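Chemist: Okay, here's what each chain looks like letter by letter:
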Amino acid sequence: MTGDSCIAGIPGRAGPTNRLAAAVEGIDFLRRSPRAAGGPGSHKEWLHFVVHGDGVDVLVNFSIVDDTRADHAASRELPRIVVLVRDRTWDGAIELFADGECEIDGQRIHLRYGDNRVEFRDGVFFLHGKLRHRPVGFDLVLTPLVVPAPCNNIRLELDRRPINWMVMPRLLASGSVRIGARTHVFDAAPAYHDHNWGHFQWGGDFAWEWGFALPVARANPWSLVYVRLSNRARTRCFKQGFFLWHGETVARVFREADMTVSLAGLLRTGSLFKLPGVMNVIDPGCDSDVPRFVECRAEGSGDSAEFRFEADDVAQVCIPNDTDDDGLTIINEVSGRMVARGSVGGRRLALDGPGMFEFVRGA
Amino acid sequence: MAPDQFQDFLGRSLGLLAREKPSVYARLCTLLDGMVLSLRIDAASVLVTFKPGATVAGGDSSAAAVRVQSDRRAILDVIDGKSTLEQAVLDDRIELLGSVADLVRFHDGLRMYLNGAVRAPGFAVLLDDYLAEGPNLGTAHAASTGGR
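The listed protein sequences correspond, in order, to chains Y and P. Using our numbering, read the first sequence as starting at 874 and increasing by one per residue. Using our numbering, read the second sequence as starting at 16 and increasing by one per residue.
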């Protein structure tokens, strides 16, 4: 079987089907904050991409959020990019851009922040970037392989406005990433994308665990996403889900009582890469409460599935709370490997491959 | 880099903190009220005096409660996570002089200042300017505010 073949509903490398491209255009477009038009503030929106290459992980996150400081222009938005790369070690940066450096089009995916841009055109995502102060650059084309799934009206804080999430866990990435003197070339590497928008405040009473895994074998039709939302202390789980795609489409969603989740062990690393770098002074040390393993079992209506994610390494994106002047919310970006097994709709689930999880924690 | 560039950076950063995160600036001034801070970074010497609601450039050097001596490379290595603050002090790359009580207060103030810095969008541009003016160290990713 060649890499160009269409396998079990997964389109070939030549490009996405028109149906897939239309599905992406129909849901994956910038919403923008309603504040300038008199709507509520605290809007946050981001486009998240992860690519797994041979010995390299790449995370790129374009965001635009309302400037919520009380004494600042009510219509101001802050465009940022977060880039995390990992080959021998972690590298990356958070960069913020001035209005004059940016082009941001609503109703489609077209953002340019300085030398960084993301665009959905002709059925594929173009990602290009170059960090200002780190020797990191990327030039990637991501081809969607699965239909995006909307998850609307998710309440992170029970008394607040909801957020929305669009997830598209499987794309093919081609192109290159430069880290220092090393250039990693990607040819149909597995990739992930999601898009979030809505209203919430960092520091609010919420935490999330979220992750995905993709099979190493291109012919494997399965892809997997897991999510669990809780209060900040993680004593109450508000919502949990275990999504399985088979081919282009969602094959099964396990929710709430269908699932049993356990976190085991603690990931320990000799050092801990943090963004922004100054967090090494504000919040020093390399301890985290990232679990070594996440195990999930789910069953219902004759289907059953289980996975075990083993964390390998972690980097932290540290976000100042909106709710106070000295608290932080830590997003632990954890690379690792997953094995999943099960039976869904009479089809055997077998997935073994790389994944990335996020564990959001208060600090 | 000219000796006055660090002084310019520090002065601008405190002004920016006062404008962009006035609540943090006010708390910082209260925390360090009465303290004279002496900073010597490479060839640049700066005195800062903290008063209620304000910081003043200058002061009586002999009255400095905390003296900090270091160089640009050591500061950026700490910010980049290549060295912890504690290790840089133990290695004498950052020298801190003062009573234990004043050093603890200074450390609390440093963390408060940085917590304000990561919440003030203008710091990214300020740090970009500072890094651009200095020798090309090629490693700093300090020019970030936190967020996503």
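Some hints here could point you the wrong way.
Taking lysine to aspartate or glutamate pairs in the EDC-like style, the calculated list, with each CA pair at most 20 Å apart, reads [stated by the list, open to error]:
1) Y:1003 x P:95
2) P:97 x P:110
3) P:66 x P:110
4) Y:1112 x Y:1156
5) P:97 x Y:960
6) P:97 x Y:1160
7) Y:1112 x Y:1078
8) Y:1003 x P:117
9) Y:1003 x Y:1030
10) Y:1112 x Y:1030
11) Y:1112 x Y:1168
12) P:97 x Y:1186
13) P:97 x Y:1156
14) Y:1112 x Y:1179
15) Y:1003 x Y:974
16) Y:1112 x Y:1231
17) P:66 x P:144
18) P:97 x Y:1179
19) Y:1003 x Y:988
20) P:66 x P:95
21) Y:1003 x Y:960
22) P:97 x P:107
23) Y:1112 x Y:1131
24) Y:1003 x P:144
It should be emphasised that the hints constitute simulated quantities derived from the structure, not laboratory data. From a predicted model like this one, the values you see are computed outputs, not experimental measurements.
Chemist: Take the hints in turn and mark each one as holding or not.
Modeler: Status of each hint after checking the structure:
no. : hint            : verdict
1   : Y:1003 x P:95   : holds (18 Å)
2   : P:97 x P:110    : holds (17 Å)
3   : P:66 x P:110    : violated (24 Å)
4   : Y:1112 x Y:1156 : violated (30 Å)
5   : P:97 x Y:960    : holds (17 Å)
6   : P:97 x Y:1160   : holds (16 Å)
7   : Y:1112 x Y:1078 : holds (14 Å)
8   : Y:1003 x P:117  : violated (42 Å)
9   : Y:1003 x Y:1030 : violated (35 Å)
10  : Y:1112 x Y:1030 : holds (12 Å)
11  : Y:1112 x Y:1168 : holds (17 Å)
12  : P:97 x Y:1186   : holds (18 Å)
13  : P:97 x Y:1156   : holds (14 Å)
14  : Y:1112 x Y:1179 : holds (18 Å)
15  : Y:1003 x Y:974  : holds (14 Å)
16  : Y:1112 x Y:1231 : holds (16 Å)
17  : P:66 x P:144    : violated (28 Å)
18  : P:97 x Y:1179   : violated (40 Å)
19  : Y:1003 x Y:988  : holds (6 Å)
20  : P:66 x P:95     : violated (31 Å)
21  : Y:1003 x Y:960  : holds (17 Å)
22  : P:97 x P:107    : holds (15 Å)
23  : Y:1112 x Y:1131 : holds (11 Å)
24  : Y:1003 x P:144  : holds (18 Å)
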